[in-house]
Structures are given as structure tokens and as C-alpha cells.
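J.: Residue numbers (our numbering), protein chains in the order written: chain A, 1 to 362; chain B, 1001 to 1362.
One or more hints might be untrue.
Stated by the list, open to error - Only some residues are given here: those of chain B computed to face chain A with a beta carbon under 8 angstroms: (1) 1037; (2) 1041; (3) 1060; (4) 1186.
As the list claims (entries may be wrong) - To list a few chain B residues with every Cβ distance to chain A over 10 angstroms, as calculated: (5) 1103; (6) 1135; (7) 1137; (8) 1139; (9) 1141; (10) 1180; (11) 1310; (12) 1355.
To be verified - Ranges between beta-carbon positions, derived for each pair: (13) B/1135 to A/312: 40 to 50 angstroms; (14) B/1004 to A/165: 25 to 35 angstroms; (15) B/1050 to A/66: 54 to 64 angstroms; (16) A/214 to B/1050: 24 to 34 angstroms; (17) A/81 to B/1131: 18 to 28 angstroms; (18) A/115 to B/1119: 24 to 34 angstroms.
For the record, the hints were derived by calculation from the structure and aren't laboratory data.
Even glycine gets a Cβ: it sits at the ideal position worked out from N, Cα and C.
Number of protein chains: 2
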Amino acid sequence: MADRRAQRLAALVDSLTAAHLDGLLITSLPNIRYLTGFSGTSALLFVTARDVFLVTDFRYQTQVRAEVGDLARITVEGQSLWTGLWQLLAQAAYVEVAGFESAHLVHRDFQRLVESGPRPRWRATTDLVEALRERKDADEVERIRTAASMATAALDRTLPAIRVGMTELEVAGVLEKSIRDAGSEAFPFPSIVASGPRSALPHARSSARQIAAGEFLLMDFGAASDGYCADITRTVVLGRASDEQRAVYDVVRQANELAAGEVRVGLRGREADALARDYIERCGYGEEFGHGLGHGLGIEVHEAPRLARTADGLLSSGAVVTIEPGIYRPGWGGVRIEDDVHLAADGPELLTQFTHELLELA
Amino acid sequence: MADRRAQRLAALVDSLTAAHLDGLLITSLPNIRYLTGFSGTSALLFVTARDVFLVTDFRYQTQVRAEVGDLARITVEGQSLWTGLWQLLAQAAYVEVAGFESAHLVHRDFQRLVESGPRPRWRATTDLVEALRERKDADEVERIRTAASMATAALDRTLPAIRVGMTELEVAGVLEKSIRDAGSEAFPFPSIVASGPRSALPHARSSARQIAAGEFLLMDFGAASDGYCADITRTVVLGRASDEQRAVYDVVRQANELAAGEVRVGLRGREADALARDYIERCGYGEEFGHGLGHGLGIEVHEAPRLARTADGLLSSGAVVTIEPGIYRPGWGGVRIEDDVHLAADGPELLTQFTHELLELA
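Looking at chain A on its own, in the form it has when it is part of the complex (with noise of 0.2 angstroms):
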């Protein structure tokens, strides 16, 4: 662990050197916990080809020595983290022009750097660290299938529980209990338990109406392992589908079994989406899948790259996607079926084994 995080710094140092950098403050929470296995939720770091300083607050004295050992010149700061970070940067006079974080930087922060003095320089980046999330080492990949599989087993344990008449919440219930009995030491984001015309609302929340018999019922929810995150959306109906159900279900199916099938390194995002849509439109429901195709998946359940009719960068080998097709009915319902894959070099390599088959729930 302590050596790939020296070989990310080693390569983020590359990346400063090459856009002619002294330093670089990182503010991304999800940055600094690739660069330096911190996992609290106050911190500043910055770093340069000779220093690695952390900045933290007191409630994170105990764990950010636990998981970032020498790894970093620590700072536990009673006050403000800026404070420390002036007190820092006061050490590094070497450092005459450094970059910041355009995406993660707010405003007033920002002007705190401007106001903070003649040096260092503050210049905009962006995507430093995100470019190197891109590419999953073969550990990280790892994390990412177990958390998948915790999903999955979650899954497993929570269908036979699925009632006519149950609320949303209810089965989000039984599904979150099941996704921590299987080891998850996060939900990564809010699970999305919807039922009947509410499947139609691609980022519905979970509510507290009853399910009913006939109804689809769309669950997307996630997991976590070592500080990864899996991401998974099945839909099925509770008694017998109807045949326009089915026809929208297999859909949906063929478009994600295809996508997930020709997905690949070097393709560009806008071309992976197409893999799913063009077929989406060839059926006539072009119209009904008005969200991307999918998104980068690591530390962060969203990340690049974007898999989108409007992503023109081209796929790096490593990264770990989700293929989430879905087609969406206002007043009807919807369905959407998501998996995550792992774009190896030789192919993609599916981390969600999970049925595809429409299962219709007793």
C-alpha cells in the first residue's frame, strides 16, 4: 500500500514537472485519499518534488496517523486548515508557482489563496489526480468486484423478502441491512428503491409508497470494500410482466448486454454510448433513455471517464465503468439495468454477475 501511494505521488510529481508546477494543493477529499489512504472528511494537502504535507483537524488525530503514517508531513490543526496550510507553505519557499484544484476549489477558498500573498503563484488545474484515478491497478480492480460482490449478495438475500404491499422504504431496508451484512462499510449513494410510474424518474429516492402487484420495481444501489465502490440497478416486476413490460425490459437487456459486450480501451466516451443507444433507437425508444450511457466508478461512485453522447475522451485501459441503459416511461415506468465492467486490455471484464432475466417475484 505505502508503495503504490509513493508511486501515484512519483507520478503526480511527472505531471507537475511536465505543466512546470513547484506544487500542487489538492482540496478533492477522494484525491487525497488515493494520494495518501486518508479517509476523514477535513483535509488539505499539498505536494511538491521534495515535501508531502497534510493538514487535518483534531477529531482525525488518531486515524490520519493510522492511515497515512510517514507517508506525509502531518499537521493537525486546531483552528482552520488554512491556517496550517500558510504555516506550510512558509516552510516550502521553493515553491514559486503552484496549482490548485479549478473543480474543487470553491470560491471563497479561492480567494483565500489570492489574498494569502505574492508567493507562491496560484494557478488553475484540473484533472491531475483524476487522470491518474482513471487507470485501476490490478488492486484496485480487486476492491472494486469484492464491493461488487457484496452488492450482489445483498441482492440475492433481498429479493425472497420482497412483498406486494411493502413500502419503498420498507425494501430499502431489508436491502441495506443485507448490503452491511455482506460487509459494506459504506452505501456510496443513496439507494433508489422505486416502484410502479415511480421507476419512471431515473433518480428517484426511496419513498414510503406501497408496492403493488404488477408493478416494476427498480433498485440501484451500491457498496463499498477498502474504500471502492460498486454500483448495480436491477428492475423486476412483482407478480407476472405484462408484454409491454417485457418488450421494454428486453430492450433495455439487449442494450446493455451489447454495450457491456463491446465496450473497450480506446474507444471515445460518445462512441461507447452510442453502442447502447443506436440500439435503443433502432427498437423506437430512443426517446425514453435520456440519461448517459454510464460513468468511471473507483473511490468515487461517479468519475471519469463519462460514457455520454457528449464525451469525446477516449477510454483508458483500467478503468472500471458502469453500462446502465435504461428506458423511461412518465405515468408508466421505467427500467434500467446496470453493471459494472472492467476495461481490461484484452477486453472488458463484467464485475456484476448478476441474472439479466426478468425475474417476476412471487
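Chain A is fixed; fit chain B onto it per the hints.
T.: Just chain B, lined up with the frame of chain A:
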């Protein structure tokens, strides 16, 4: 509900007028929810004295109309929310000077504003909406009370299920299922279930650690009802408490009750903090209470005001705050007892009704 939102928007427009602003761009999702009722995760809101514009994306096209109705002019944007915003601003040519939320706009998006052209001129603002949110009305307090009841009901159901040898994650699973069964629409923050020495980590998560006899078990968790959060902590012992455990517990309990009984509208945040801190210091544990006494609670689980040594602000009438003193000894364990208190005009009102006795679980 519609009336209340209209009142809030009118109060905000008064603030804008006082600040010589023709409009305000709101990028904080909790602020957007407070003003419009929209609970999605992707939105921009622009408020002027004449117009209320809301931009969201496809995923929320059904939900946004149900939640917002005709309170705002709604744009559902297929590409970028910012594209939608530029089009709306073109319709509001009377806006010459507009504010943005300095604490809720990342530098990258601030650059978009600056580069968007000569008009409007943009000015940084802070806390315009947050100041309104601090003073809860009766309906908001009622929602927090409901959420608090869900949290205490869940704890009631969970305690009898806890056994020596269970992991923290298993306890979290039972607790979170009970929170869902009580009707909570969300987990406002990751549940902390921390046992033995891990109870000394003020921001532990739940882990796979097995709970042993004689250990502290600290549970810090929340519930949410109709958009509003509750946040509660209790610390129990598995089996019989030692004299030292009981001594530390009693200090925290006294500090909690002193502060919850004396916290009042018009105190400064640091004066409220001192209600508990002075007592803990007199008992000789001052060094071991390293965080602030509490924080405001509402749509967010951390909002204004702050109760801490460095907090100069006056506590507003109607605020709801946590009172959560703690004592933490690295390697030994920690105790925290947290309640939610409404600062009514006639004195503090406890919203979390749950015993402060030191429970020794069989």
C-alpha cells in the same frame, strides 16, 4: 408550502435589494431546495425581483414539475446546466449586477461566469440564503421533530438486538434497517458505530471490528423527514461499565444536560460552547474534548449556526442545534452524547427524547 416558498423568495429578494444586486445565482442544492422545494441533485437557480428561473437536467423532468409547480420558470437542459443559464440570462436583460454564492461555486464554474461576457457583472456573496434558513418556522421544527422521533424509535429497536461478538457493521445494519422501518427517507450522513478504542475516534465510520464485552459502543446516526434531518448520538457499554467508564460518561452527561438546558437565543456560539466546555475543563477533561459543542441542523446535517470556541455569531431565534459534548482517550475509548435542541423564543426545547442513563447492554 407554496406560500412558504414564496415568502422565502420574497425575503431573499429583500436581501438582494439591500445588497444592491439585481439577481442571485444559487448553486447550493440545499438552498435551492429551501427556496423551491426541488430535491434533485442537479440544478441552478436564478432569482430576481421579477423572475425565478430553475435549470435542471433530463433525469428530473417529471420530478421538477411535481415539486416546483409554477413557482419557477423551469428549463430542462439536455446538455449543460450552464447553457440553460446563459439562455435564461439573455431573457433577463434588466439584470446588470448579479451575485453568486462564493461558498458554493467551484473555481471552474466561477470562471464560466467571468468569461460569460460583460453582463451581468458578478459579485461574490455569502450566506444570503443560509441566514434565512437558520431561523426555522414551526413547520420546519416539526419536520426535525419527526426525524428525531424516527431516530429514537430506531435506537429503541436496535439496542435489544446488540450482542457481544457482533461487528460494528452488523449493528449498523440493524440500526439502519430500523431507521428505514421508522420511515426515514434518507441517511443524512454515514452512521458511526464505533466500539472499544474506536469510540475514541470522533469521526469513525463503522468497521468489521467485533464488539467485545466491557467495551463502549458509540452510535451517531440520523434520520430525515420531508427534507429535514435529525442527528443523535448515544454511547452504551456491553456488559458492566467500569468505574472509569462511568466517571467519564457522567461528565459528558452533565455537560450535555447543562448546555441543553442553558443554550439560548442571543448567546454567541462560543458562549454556548462554553456552557459544556467549562464544566468538562473543571472536571479535568478539557484536553479530551477537542471538537465544537454543536452545529445547526435542518435541510443539511451541518448548517448555521456553529457552537464552538471560535464561533462569534449570535444564535438566532428558531435555530435548531446539536449539543454534543464528548471525551475521547486514544486507545481507551470515548463517550459522546448528542441531542437536538430548538432555540425557541422562551427557551430551549429538546427534540431528541431518549434517556441519558448509561445503558449496560446484556
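J.: Under the constraints set out in the numbered hints, which ones does this structure not fulfil?
T.: Hint check: 1, 5, 10, 11 and 16 fail, others pass.
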